[in-house]
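> Protein chains in written order, with this note's numbering: chain A, 1 to 373; chain B, 1001 to 1140; chain C, 2001 to 2343; chain D, 3001 to 3452; chain E, 4001 to 4649.
Calculated from the structure, these hints are not laboratory results. All C-beta atoms, glycine included, are put in the ideal place defined by N, C-alpha and C. It is possible that part of the hints are untrue.
Here are the computed distance ranges between Cβ atoms for each label pair [stated by the list, open to error]:
1) A:Thr286 <-> E:Lys4199: 45 to 55 Å
2) D:Lys3250 <-> E:Ser4392: 30 to 40 Å
3) D:Arg3373 <-> E:Arg4476: 48 to 58 Å
4) E:Lys4199 <-> D:Leu3380: 18 to 28 Å
Here are the simulated SDA-like cross-link-like pairs (lysine to any residue), alpha carbons at most 20 Å apart as the crow flies [unchecked claim]:
5) E:Lys4410 <-> A:Ala14
6) E:Lys4604 <-> C:Leu2221
7) A:Lys12 <-> E:Lys4441
8) A:Lys357 <-> A:Gly65
Residues from chain D that keep clear of chain A, each with C-beta distances beyond 12 Å, as calculated [what the hints assert, rightly or not]:
9) Glu3023
10) Asn3070
11) Asn3076
12) Gly3084
13) Leu3156
14) Gly3166
15) Thr3225
16) Asp3248
17) Asp3383
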Amino acid sequence: MVASSILFANPKIAEEIIKMGGKSLLECYQCGSCTAVCPITESIDVSFRRAIRYTQIGLNEKILGDITPWTCNLHGDCTDSCPRGASPSEVLAAIRRYQSGFFDPFGVSRWWNKTKLFEKLILYFVVFVISLSFYYFYYWNSLTGYISTEFFAVKDLSYPIAFSALFASLILFLSAKRAYRAFGGGKEYKVGFLSSIIKLTKFFIEVEKDALKVPEKRDRIIEHVFILLGLGFYTLILLFYLFSPSYFFIYPYGMILKFLGYFAAISLLYGFSSPLMKRLFARQKTHWYYKKFTHSTDWMSLIAFFPVALLYLAILILNDISYYYFSYILYIVVLSLIVPILLLEVPFGKHNHWLYKVLAYYIAARKGFFKEG
Amino acid sequence: MADFEPKIIVFACNWCTYAAIDLAGTSRLSYPPNVRVIRVMCSGRVDPQFVLEAFADGADGVIVAGCHPPADCHYIEGNYKAYRRFELLKRILESFGIEKERFRLEWISAAEASKWVQVVNEMVSDLRRIGALKPKLEVD
Amino acid sequence: MAEKPKIAWYWCASCGGCEESLVDLAERLLTLFETVEIVFCPVAMDFKKEDVEKLPDNSIAVTFINGGIRLKEHEEMVKLLRRKSKIVVAYGACSAWGGIPGLANLYTLDEILERKYLEVPTIDNPKEFLPAKKTVVSIPEVNMKFELELTEPLPVLRPLDKVVDVDYYIPGCPPTPDVFWNALQTLLGNNLPPRGAVLGALWKSLCDECPLNETKPEKLLVKEFRRVDRTTPEPNKCLLAQGFICMGPVTRGGCKALCIKSNMPCTGCFGILEGVVDYGGKAISYIGSILDYSPMQEEEIRKAYDKIPDWVGVIYRYTLPASKLRHKVGLEFPKLIKEMVEL
Amino acid sequence: MNGSVLVVGGGVAGIQAALDLAEQGIEVFLVEKAPSIGGKMAYLDKTFPTLDCASCILAPKMAAVLRYPNIKLLMNSEVEDVTGRAGNFVVRVLKRPTYVDWTKCNGCGICTQKCPVKNVPDDYNLGLSNRRAIYIMFPQAVPKKAVIDARYCMRLNPPEKAKKEGKTLCGVCERHCPTKAIEYEQKSEVIELKVAAIIVATGMELYNAKNIPEYGYGVYQNLYTNLEFERLVSATGPSGGEILRRSDGKHPKKIAWIQCVGSRDVRFNHYCSAYCCMAATKQAILAKEHLPEVQCTVYYMDIRAFGKGFNEFLERAKREFGVRYIRGKVVRIEELADTKNLRVVYEDTAESYLRVEEYDMVVLSVAITPNSRLPLPVELTSDGFVKLKDPYLDPVSTTVEGIFVVGAVAGAKDIPDSVTEASAAAARAALIAKRSMAREVRVLANGGVLNG
Amino acid sequence: MDEVRIGVYVCHCGFNIAGVVDVKKVAEYAKTLPGVVVARDYVFMCSEPGQDLIKEDIKNQNLNRVVVASCSPALHEITFRTAISEAGLNKYLLEMANIREHCSWVHHEKEKATEKAMEIVRMAVAKARYLEPLEELEVEAKKSVLVLGGGVAGIRAALELANYGFDVYIVEKSPTIGGKAALIGYIDPKTKGAEVVSKMVEKIRDCPKIQVFTSAELVQLTGSAGNYVAKLRLNPRFVNSRCTRCGECEEVCPIEVSNEYNFGLDKRKAIFIPFKNAYPPYYAIDYRVCVKCGECEKVCRYKAINLKEEAKIVELRVGAVIIATGYDPYRPFKGEYGYGLSPNVITLFQLERLLDPESPTKGELIVGNKVPKSLAFIQCVGSRGTTLGAKSYCSRMCCTTAINSAIKIKEKYPEMNVYIIYKDIMTYGSDESLYEEAGKKLINFIKFEEKIPKVTISPEGLFIDVFEYTIQQEIRIPVEAIVLSIGMLPPRDIEELIAVTRVSCGGEGFVREAHLKLAPVEAPTKGIFLAGCITGPKNILESIRMGSAAAAKAMSLLSKGKITIEPMIAQVDEERCSGCGICVAVCPYSAISIKSVNGDRIAKVEKALCMGCGTCNASCPSGAMQHLGFKDVQLLAQTVAALRGESYG
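With the rest of the complex left out, here is chain A (with noise of 0.2 Å):
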């Protein structure tokens, strides 16, 4: 495919992509070991190689409508089979980051990519002290009353999570929407709709179980299932709260919820504070992953969501032996927490690349970039 229109290479974007992450940028010299080792390339014609040397050259346009990046699992056999030791996988994150700058509607995220991590933890205190300080302000007097209760009322409480979600959702789908242009989605479709989902399962299930034989595999695999367990159950109890009829809290009902509840804390507290722990104190032994997937917005993503399923998980302990007051105060602070985190951490972190990855599939599959068989 060889385009016959010049483009012009643009050096800032690889100053970029080095500040985003990717360090190890210019230390390739094009080889190919990584497109060939990856198993993801067995099924997607796809090359990691390229879409590298696109960035070290700086063509724009060529990045931008680039799905290989997305397909990426983060398995990190490129990185162990490099003979220049440097770390595609690494800088494959870089440009996810960098694409990802360009999807939000204001470019917030490629501000985000680039910021240090204390500047990220200042700017969210800021958000979290709003957030809290509007409780305080706002709730505070009227929730006095409402202590005594075993539950809390907690409809009115869900203003700026309802507020904030709705935020975030409002970016994401106008990110994915401009990421769905920008892969070209729509344009050139082979497979149908229903054969590249059965497709997109069935590669799946088979990466992710040669990738469980590997330990180090497994460790991730596990942590991230834990996360995705953890946030599902634990948004499905937020909803529950907020919309469901007071009646759900009696008897059978609030056990199973509790259950669930216990269940989500300790799930999203062992999902975030496995990685965090191993990044924290990385030794010899530690995975290569843990000790290089170490920019601003790794650390962000999880010091954002420890905390909240620590107090999730103080929270339920609370409402047990019924300390409701503290419970509530916590509750009041895990929701201020939330705020920012949907406000900054969804839209523009380092998760909002779960979206684009299922797009960037979901887009290959119709393109057809899987191979039969």
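Starting from the structure of chain A, add chains B, C, D and E where the hints point.
Same frame as chain A, but now just chains B, C, D and E:
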């Protein structure tokens, strides 16, 4: 007559042409096997008598090859003398009615293996065109 | 009185110069007639072929044959004489190496006949009459009719030793009387030189006995060739050094440089040196060597060589039939000679 | 008499150094751990870029070694340790037993036909074929003497049962030897030499390709290193020059060469081994000459054709011999169970497309590792080569005065460079040898001691 | 002559000959030839066992002639001569029949090749019958060496030879020694070219045995190995050692020319000092441009200038010559990648000068009067057949030098974008670490293959359009400066070098070694050695190593004080020579003179001067002069054997 195999005698100077023939060997160029190479130290050593002896003994073609004038000759001006002698011999051969394609004086440097192959190919095709010399000499 | 040794002369394609040298013996002829008995000398007396046939085999002591073998008749006579004589001597340059008539080998017989009988300006041959095997001549005035027979000419002139075995050679064109006389004494003497020797010739080239040898410059190089008929050579300076083509260096010595003494470059009548394989080839080699131009000056070299119109004639003057190539390519039997012509 | 020089290693560099020294009448001790000199070049069939045969260059030099009485060959031996300083080193050399008295043996080879033990893997043919327990390393070996391989000889290393009963087995070679040269009781001995200078020319070994499991060297049958392929294609090789697959003995139709195996790779060796791009091209041409319809492919990242005549050689390979060059690093080789063909997995970086291609035979251009683990006090570079004192002002001296280094052990290089260095080092060593002989080891006026 | 007993040995040469020629049949045929007593074939005649075959036969069958049918005499004539001389046979009773390069390697039909091989052997046997034993001549050898060229290779050779106690004369064309290496900024990240050269120059200065002639040219070289006579022309320097390098003369000098010591980056005066630690360490006047206006002479306080100096001719007697005249950088033609059209396009050598702290810009990278924000190297300019006038070989050192400079630039100007646009990166051996380090220093490598980059010069700046091979995409790189990594060419005056020293050139225009592997530092002519880039592109390390090797070989040739000369020279048969004197003019070495021997004029050959070309033999009218080893009868025997198959004469 295509199947006639001409016999060609080559007097090759050791420093340039013989080295070029060796180079043609090491570069695995291929050329017809009709040539027989006699090594002399310099093209100046080749005596017109030898050429006449070769023709009288049945050679269909003779090539004398040396280094490029003006400066390549290992002995400074051996090729000068060769040129002057064979310029005269060409006239004599003409009077004897021997076609001018039968005798060639070539300058082939140590690196020109391809030129050597080209000269041999040209000579063989010329001689196939004009035929053998021996029968034309027998008369009594 | 012991039997006088029998001597025979015969001449083939000869110009008669060699017979001259016999006559030039002048007084020594008398002593000659006392010591030898001449059994066959067609040029002097009317000897017939039968006289030789009558003689018993190798009864003739020495036979001197001069002139190259051109006709069938020459070939027969020479073979006959070989049978009849103990020693056969190729007398003079023509019989030893083909001589000047040998230069005819550069042309076919037809070309020669046409040139001789039709094209030569001095000829008046309106009926374009060419010699035939049998020519009938009728002279009406005396109403006599003669039949002339000519023997068949051979396409190539050959030197004697290409037809019969030759014992000795006497060089020169013609051999000077002294050379012949000395050769005769040695032949009649009893210690004969090794077979094939060139009697009277030196083992070295003419330069060795040439008076002008010392006058050669240290480096003998010429810029252009000169011709004797155009410019007269300076006296006592080596002719070759002046640019005249002198065949001295490649010809045997022994003639005491007669031509050089009369200011004429040597033309090579004393014959081929021992170490020379092809007389002309060797000449080309040294003439080419002394021409003082580099291959870059192609034009000057071509001009220098154009000065001499007939190189083959110059370098093979007496030795063409004895050279390696011997003759032009493509000579064959004449087609122009018809069976019978009426005159 | 310490006016002599020790040359460690009998490869082409060692031989050239020994010849140059002997030429000036200096006594040379040539220590080589194999039973014959010749080193790696003896394994080669042809050399690039001129394709003239390796033994045509090496054999006469080896023959010349025997011509000089002042070259003392210490075969089958290794340097134990070195003490002293420039001018008078004391070297202890361990001479391992060959179990044959080489003064008597005339290399007739009768014993090598009679020996009953037939299945010893022949290390001259890198295990591709077998030899007997008693053997001559290769037909043109110098010195052409027999050696008994103690590990396989039934007499020297009898099987358990026989050893217990104390029975002495075999002795076939002793019976057949016309000059009674067999000495089963020969012991290893340590020889002490006094030398003025030492030239290290121990050359290189091929990197152990088993360290790269993804290629499956040693597991797959039709997978060879480039030295093994060279033996295959050489007239004195296991199959007499026929390129045959190890699995089914048939001629391959498609052969692939994989470059930079163990070189330019942080996981193995950082340096580039310099010789392998041209060696692969040469072998592709040789393969094409032996099997005109074979199709050759070379997988490379940067083709290193830097020397004299190299680039034309490369162009000729592409033009005349149709060798395909694909830019991409092969990461994995899989063997097909049935046909034992090999599938290589790589990304064709021209088309940015993951490719899997099947080949009848694959040759690995393996990196070199210097034989630099020597009992000499010389410093090594980070890559393991012997460190030069000052490459610009003193190009052949090591960090220890009086010890010189030449050839592949000082850095990846090809034959002409090694031969050039050997001459340079020989002259320097000769200088020290002559001076120490004349006992006037003194400091020169301008402070430059010995190394100028 | 005693009865001729010839041994014929046919070599398989592994597969090289046996693969095409039926060697057994050739050996059988050889047995039938007259005079042949034994004929064998063996897989490697040149190996030890092969040579033993010959030695045994010489002893047992008392052979007196040996014919070896194998490879070219250029390869192993010496080997087999030494072998037969060890068996007691005169070493010149050997004839080689070349059935490899001239037969099996060039003809592929088996029968025709075998038939030709048989005829080649027949010719060799025919000549062998007429071979005569010849004795080598011993000639005194002078223990002094002429080193042509004052670059690093020449200096290294000179130092080594001085070490062995030889007298060394360095002849350098320019006013200072040091060559190109002194001008290279950094040879490797740690070592500066100028430092290495100045250390070497120090050693030269202190060594009494080395004499340096600068602004000198070799105009004539006569004689042979061991006894060369070298005629040098010392061009006037006009400045003597009293010069204190004060530089006042430089100010007043009106003449300005482009400074070749900065590769044309700036100008210099007619009177100048090449570079800081030049040797000889004082000013020089460029005799080619100086108009002798006398200004400098007037202003010089130390009376160091004398404009009346004339060129002098000096004659040296030396034993050997080492040619180390180096290379010339490729000169891109106007418009090649925009060279000459824009000040921002410079060559790699000019860049090296800019980076050198002693350069006109004091090490600042100022291109087109500003420090560029982005810079691109284009590789293989003038090499590997990329552009129009490019040579077909790879110039070996430009990749390493380019990456070296790129790293230096990145260290000095971290924020500058540096591209290297390459075809193949040739950092072979341990230079690969440079390539790695370049990646870490954020240097961007762009690869092209067949389609070469195109440079467009537009008002907005320079653009390079490259068809990037690894993404098969045409990209345009905007840069502010372009560095052309130019390759190496043979030196401009290589024609004169060849005319004087009689060396010959290989295909690429560089000088040809006797044999790439057997004799890499020797020229085919005995006594002439080669070092450095004159035989082909090399980096500084390899040139220096080759300098030591050349010195070593010269030392081993001359160390014994005597040299053996091949006896293939001309010989006069005094009975036949008539003193015609034609041979005297013909001999290029004037080795023949006419002497009078008891009255007769006879030609006489001066053995030491005769180089054995045989021209006099051809021109001798009486065949008295014979070229030993190539006599008329020997060559004619070969001709007849080739054509008629019978024995000659």
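> Now tell me if each hint is right for this structure.
Each hint tested on the structure:
{"no.": "1", "hint": "A:Thr286 <-> E:Lys4199: 45 to 55 Å", "result": "holds, 49 Å"}
{"no.": "2", "hint": "D:Lys3250 <-> E:Ser4392: 30 to 40 Å", "result": "holds, 39 Å"}
{"no.": "3", "hint": "D:Arg3373 <-> E:Arg4476: 48 to 58 Å", "result": "holds, 52 Å"}
{"no.": "4", "hint": "E:Lys4199 <-> D:Leu3380: 18 to 28 Å", "result": "holds, 25 Å"}
{"no.": "5", "hint": "E:Lys4410 <-> A:Ala14", "result": "holds, 15 Å"}
{"no.": "6", "hint": "E:Lys4604 <-> C:Leu2221", "result": "holds, 19 Å"}
{"no.": "7", "hint": "A:Lys12 <-> E:Lys4441", "result": "holds, 16 Å"}
{"no.": "8", "hint": "A:Lys357 <-> A:Gly65", "result": "holds, 13 Å"}
{"no.": "9", "hint": "Glu3023", "result": "holds, 45 Å"}
{"no.": "10", "hint": "Asn3070", "result": "holds, 48 Å"}
{"no.": "11", "hint": "Asn3076", "result": "holds, 39 Å"}
{"no.": "12", "hint": "Gly3084", "result": "holds, 43 Å"}
{"no.": "13", "hint": "Leu3156", "result": "holds, 45 Å"}
{"no.": "14", "hint": "Gly3166", "result": "holds, 54 Å"}
{"no.": "15", "hint": "Thr3225", "result": "holds, 19 Å"}
{"no.": "16", "hint": "Asp3248", "result": "holds, 28 Å"}
{"no.": "17", "hint": "Asp3383", "result": "holds, 15 Å"}
Comparing the model with each numbered hint stated earlier shows that all of them hold.
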